[in-house]
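Generate coordinates for the entire structure from the input sequences, incorporating the hints supplied.
Heads up, the sequence shown is in the working numbering, so the first residue is 389 and it goes up one at a time.
Among the clues, some could well be false.
Below 25 Å or equal to it, Euclidean Cα-Cα: the simulated SDA-like pairs (lysine to any residue) are [said to hold, decoys possible]:
{"#": "1", "residue 1": "501", "residue 2": "528"}
{"#": "2", "residue 1": "657", "residue 2": "545"}
{"#": "3", "residue 1": "434", "residue 2": "485"}
{"#": "4", "residue 1": "591", "residue 2": "557"}
{"#": "5", "residue 1": "646", "residue 2": "606"}
{"#": "6", "residue 1": "663", "residue 2": "588"}
{"#": "7", "residue 1": "434", "residue 2": "452"}
{"#": "8", "residue 1": "591", "residue 2": "602"}
{"#": "9", "residue 1": "539", "residue 2": "422"}
{"#": "10", "residue 1": "665", "residue 2": "524"}
{"#": "11", "residue 1": "539", "residue 2": "428"}
Here are the in silico distance ranges between beta carbons for each label pair [unchecked claim]:
{"#": "12", "residue 1": "611", "residue 2": "473", "range": "23 to 29 Å"}
{"#": "13", "residue 1": "603", "residue 2": "424", "range": "47 to 53 Å"}
{"#": "14", "residue 1": "649", "residue 2": "492", "range": "48 to 54 Å"}
{"#": "15", "residue 1": "492", "residue 2": "535", "range": "22 to 28 Å"}
{"#": "16", "residue 1": "430", "residue 2": "560", "range": "33 to 39 Å"}
Hints were generated in silico from the structure; no laboratory data involved.
A virtual CB, placed ideally from N, CA and C, is assigned to each residue, including glycine.
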Amino acid sequence: MNNHLLADSLTSHSLKEVSLLDKAKIEPYWLTVTYDKTSHLIFPSKIRYVDLGSEYLSAGKADGVDNVLRIKAAVRNFEPETNFSVITEDGKFYSFDVFYSSAPAVLTYDLLKMKQVEKQKKSEFMFGELEGYSPSVADLIMESIYHRGKKIVRNIYSDNYGIAFSLKGIYVHQGKLYFHTALNNTSNLPFIIDAVTFSIVDKKKAKKTIFQDQTLTPLRIYKVPDKVMESSEESNVFMLEQFTLTKDKILLIEIYEKNGDRNQLIEIKSSAIIKAKTIDFD
389 MNNHLLADSL TSHSLKEVSL LDKAKIEPYW LTVTYDKTSH LIFPSKIRYV DLGSEYLSAG
449 KADGVDNVLR IKAAVRNFEP ETNFSVITED GKFYSFDVFY SSAPAVLTYD LLKMKQVEKQ
509 KKSEFMFGEL EGYSPSVADL IMESIYHRGK KIVRNIYSDN YGIAFSLKGI YVHQGKLYFH
569 TALNNTSNLP FIIDAVTFSI VDKKKAKKTI FQDQTLTPLR IYKVPDKVME SSEESNVFML
629 EQFTLTKDKI LLIEIYEKNG DRNQLIEIKS SAIIKAKTID FD
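Okay, structure coming up:
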């Protein structure tokens with residue numbers, strides 16, 4: 389093959405690659421910043437990673453808030469434009485082209501209000517703990533379960549001191565288990581949640597003391613456990629890696645009260661887990 393034919397072949401191959409990449413590109417948002425004022429971007433989920441394209445920008449998460457990014461120009465009148473990108477905890481990737489303006493028209497952007505636009509401008513990252521499982525699918529499944537009023541599991545609950553903690557259902561989808569719980573407070577005092585734990589223990593040990601053979605960490609939680617006000621009920625959904633139990637083991641879910649002793653504990657047998665309801669979501 390002569391040099392001209394080789395060059396033509398390489399050019400054709402390169403153009404084909406560019407064409408394929410063009411179909412996969414993520415169009416960036418446009419943003420203007422200034423030196424004397426700070427812009428704020430409110431994301432639908434916690435910020436996990438930020439990459440600034442140049443030293444023209446200064447950025448950081450807002451104090452005490454994980455889903456708000458502060459950004460401003462670190463240099464006056466920079467040219468040409470620069471860029472930055474953000475990855476959020478729900479697996480979304482956001483790209484921004486940034487231009488300098490002495491007086492930006494907008495200083496606060498709420499990406500929660502841009503869901504329709506986001507569908508065309510974002511991409512999913514599969515975080516390691518989900519092992520290739522789509523964060524968006526997980527979120528949609530958890531939301532669907534959360535809004536289900538029907539209880540599909542019976543007689544798995546604890547009820548003490550005006551607090552009732554119950555299991556409403558167990559669901560399974562592509563190797564992930566979803567536990568739907570409810571916490572009802574009939575007392576006149578709010579129940580402040582300190583922690584919710586999952587552990588696998590031996591049945592005999594569980595009768596004597598809370599001896600944790602194995603602690604399980606949820607991969608995702610629908611709502612951050614906070615508190616249940618007096619005379620009210622709160623539901624939640626916990627996503628865990630699929631597991632099974634032998635007949636001599638049980639799963640304990642315990643919820644602890646902050647600065648209190650109204651802790652609640654429910655026991656789940658192997659039979660309840662293997663009867664988990666399948667979710668068709670493909």
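Comparing the hints with the structure gives:
1. 501 x 528: Given pair residue 501, residue 528 holds - Cα atoms ~18 Å apart, limit 25 Å.
2. 657 x 545: Between residue 657 and residue 545 the Cα gap is close to 12 Å, so the pair holds against 25 Å.
3. 434 x 485: holds (21 Å)
4. 591 x 557: This hinted pair holds, its Cα atoms lying about 22 Å apart.
5. 646 x 606: holds (20 Å)
6. 663 x 588: Cα-Cα ~18 Å, so holds.
7. 434 x 452: Measuring from Cα to Cα gives roughly 11 Å; hence the hint holds.
8. 591 x 602: holds (13 Å)
9. 539 x 422: violated (53 Å)
10. 665 x 524: holds (20 Å)
11. 539 x 428: violated (42 Å)
12. 611 x 473: 23 to 29 Å: Hint holds: Cβ distance 28 Å, inside 23 to 29 Å.
13. 603 x 424: 47 to 53 Å: With a Cβ separation near 50 Å, residue 603 and residue 424 satisfy 47 to 53 Å, so the hint holds.
14. 649 x 492: 48 to 54 Å: holds (53 Å)
15. 492 x 535: 22 to 28 Å: Once the Cβ atoms are compared, 39 Å apart, the range 22 to 28 Å for residue 535 and residue 492 is violated.
16. 430 x 560: 33 to 39 Å: Cβ of residue 430 to Cβ of residue 560: about 34 Å, so the range 33 to 39 Å holds.
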